[in-house]
Amino acid sequence: MSIAAQRAVAERLRAAFEAAGGQPVECSILQPARVFLDLYGEDIRARAYVTQDPDRGEQMLRPDFTLPVVQMHMSHGAEIARYTYSGEVFRRQEDHPERASEYLQVGYEVFDGRDPAAADAEVFSLFSEVLKPYGLRAATGDMGILLAAVQGLETSERRRAALLRHIWRPKRFRALMDRFSGRAPVPPTRAALLAAEDPMAGAGTMIGLRSQEEIAARISALREDAAEPPLSAGQVALIDAVLAVRETCVFALEHLRDIAVDMPSIGTAVEQFSRRCDAMYQRGVDVQKLDFEAAYGRTSMEYYDGFVFGFYPEARPDLPPVATGGRYDALTQRLGDGASIPAVGGVIRPDILCSLEQGQ
Amino acid sequence: MSVKLGVPSKGRLMEKTFEWFAQHGITLSRTGSEREYAGAVTGVEGIELVLLSAGEIPRELAAGRIHLGVTGTDLIREKLVQWDQKVEEVRELGFGFADLIVAVPQAWVDVDTLDDLDAAAAAFRAEHGFRLRIATKYHRLTRDYLRYGGVADYQLVDSQGATEGTVKNLTAEAIADITSSGETLRANHLKILSEEPVLRSQATLFRSRTAPRNSDDQRALGALYDALGLHVRNRTADD
Chain Y
1 MSIAAQRAVA ERLRAAFEAA GGQPVECSIL QPARVFLDLY GEDIRARAYV
51 TQDPDRGEQM LRPDFTLPVV QMHMSHGAEI ARYTYSGEVF RRQEDHPERA
101 SEYLQVGYEV FDGRDPAAAD AEVFSLFSEV LKPYGLRAAT GDMGILLAAV
151 QGLETSERRR AALLRHIWRP KRFRALMDRF SGRAPVPPTR AALLAAEDPM
201 AGAGTMIGLR SQEEIAARIS ALREDAAEPP LSAGQVALID AVLAVRETCV
251 FALEHLRDIA VDMPSIGTAV EQFSRRCDAM YQRGVDVQKL DFEAAYGRTS
301 MEYYDGFVFG FYPEARPDLP PVATGGRYDA LTQRLGDGAS IPAVGGVIRP
351 DILCSLEQGQ
Chain F
1 MSVKLGVPSK GRLMEKTFEW FAQHGITLSR TGSEREYAGA VTGVEGIELV
51 LLSAGEIPRE LAAGRIHLGV TGTDLIREKL VQWDQKVEEV RELGFGFADL
101 IVAVPQAWVD VDTLDDLDAA AAAFRAEHGF RLRIATKYHR LTRDYLRYGG
151 VADYQLVDSQ GATEGTVKNL TAEAIADITS SGETLRANHL KILSEEPVLR
201 SQATLFRSRT APRNSDDQRA LGALYDALGL HVRNRTADD
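Sequences listed follow chains Y and F, in order. Per our numbering: the first sequence = residues 1 to 360. Per our numbering: the second sequence = residues 1 to 239.
So here's chain Y without its partners, still in its complex pose:
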């Protein structure tokens, strides 16, 4: 699997993306680490190379293109645009030293809010088309449906916010659901704290930046929460029902519409899914056979908030996905300094494609 062969594949893909309307863009390899750390948190340090610049501070070898491309786009006024790029990304592999720590990514990103369903379909069908010769399995999902389900839960704003914050950490999300629904016992120290007349009695010396007011604010939040009725079994069951949806698009849509009867908050997101299916069908995607999983995309990057997809070599479960992508409307807002624009895109790894060709 030579570098030249990978570059040739990358070049071919980039040409296809350019032909589809993508304007070629370049990004620096050295990126300010802060942007990535603010978005992904400390975990990104385990997955990316951080280095120190005497003047510019912590820099990161770009672990992906999406972030710098979004930043570049938002700083130029957030107009409608399509981009393509090709270049190396760098990933530390602490737990899997056998995996590549430097590889090419070729991407296509669409910034266009006029018809999000059409934009989703455009990106997905373009990826399907260029990847067709490799016989990959496509997986799709929609983070927007789960987000809408949580936003519509009949419980306090604070609980909804806590669940939304951990939507990408399934284990923690589950623990919070168990706590809020009363299925998990209240830890004894929490119970003691709530029962205490003066919780600060044994606090001793105040040290550090976190002030007594902040501690008091959390205690009163905990007290309010303890007075809150538990999340009903019905509500928990609805979230579980949404998470369990896993069938072909056509059946998934039917199933989700059934759930929406009891959970009207997901109605808009489900109809968006329906429009996307139509738009994909019009572009020649076989939605009768396309898989849909409502929980897909939950454990990956923390910025997808709508349509998500991936392409997998079924015969080679040892390999990572060939392509991944999705919608990231909230990210453009976060990096947009007041502006925002709906956006969707994805990346392909030429190195994986080359190892598939070689294996054939």
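Because the hints were derived from the structure by calculation, they are not lab data. What you are looking at is a predicted structure, and each value in this text was computed from that prediction instead of being measured. Positions of the beta carbon are idealized from the N, C-alpha and C atoms, including for glycine. Just so you know, nobody snuck in bad clues.
Computed spacing ranges between beta-carbons, pair by pair:
(1) F:Gly94 - Y:Lys171: 30 to 38 Å
(2) F:Lys168 - Y:Arg160: 32 to 40 Å
(3) Y:Arg99 - F:Glu48: 33 to 41 Å
(4) F:His128 - Y:Gly87: 33 to 41 Å
(5) F:Pro212 - Y:Gly359: 32 to 40 Å
(6) Y:Pro317 - F:Glu45: 46 to 54 Å
(7) Y:Ala46 - F:Ala63: 21 to 29 Å
(8) F:Ser180 - Y:Val261: 53 to 61 Å
(9) Y:Gln333 - F:His128: 21 to 29 Å
(10) Y:Arg223 - F:Gln160: 39 to 47 Å
Guided by the hints, dock chain F onto chain Y, whose structure is given.
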């Protein structure tokens, strides 16, 4: 070639290691002047003593430059990626006990679990505009632990010493550090979270999986294991 045994070059860890070997009829000793890091082994043939900083022993074992080494589990796991493919635990030595723990100010009466820490971190970030800082020198272990515990909105700041003082000095809000008795923590107005520690560590004899061995080395290792009363798996096989 002879079999190289790496032992911490100073302090209580060295003395305790010497005592432990002495109980098994093997005398380890420093030779030359007090400042010279050279040593001798009596009681078993073909073993050479190498005095090293405890923090360097994991690296030397992984590189196969020493066959055996005494160091803390904490250092092996922090410093070696896929440690269990590079070294093998031969025997826990029953001293040098220390837990890697997460501690927060005693005054944080509302924080006792990782769940609390996560909630406090979220509120802290909203209030102060940056992620809650946890001072440590055990970056990998702490990060894995907090990820597993579902803690977000924190950052690790490097602290190579006097970590317990960082909260008072306003360079961190919490710490992850090694403690044996907890006295230093209490003196610095800190408390340990009521969770399983990040790691329970003690002085341990490790065997390198990569160090080259000829037949003489095999014999010397076998004699040493016999003297120590150890039944080591695959003691003659190369892995």
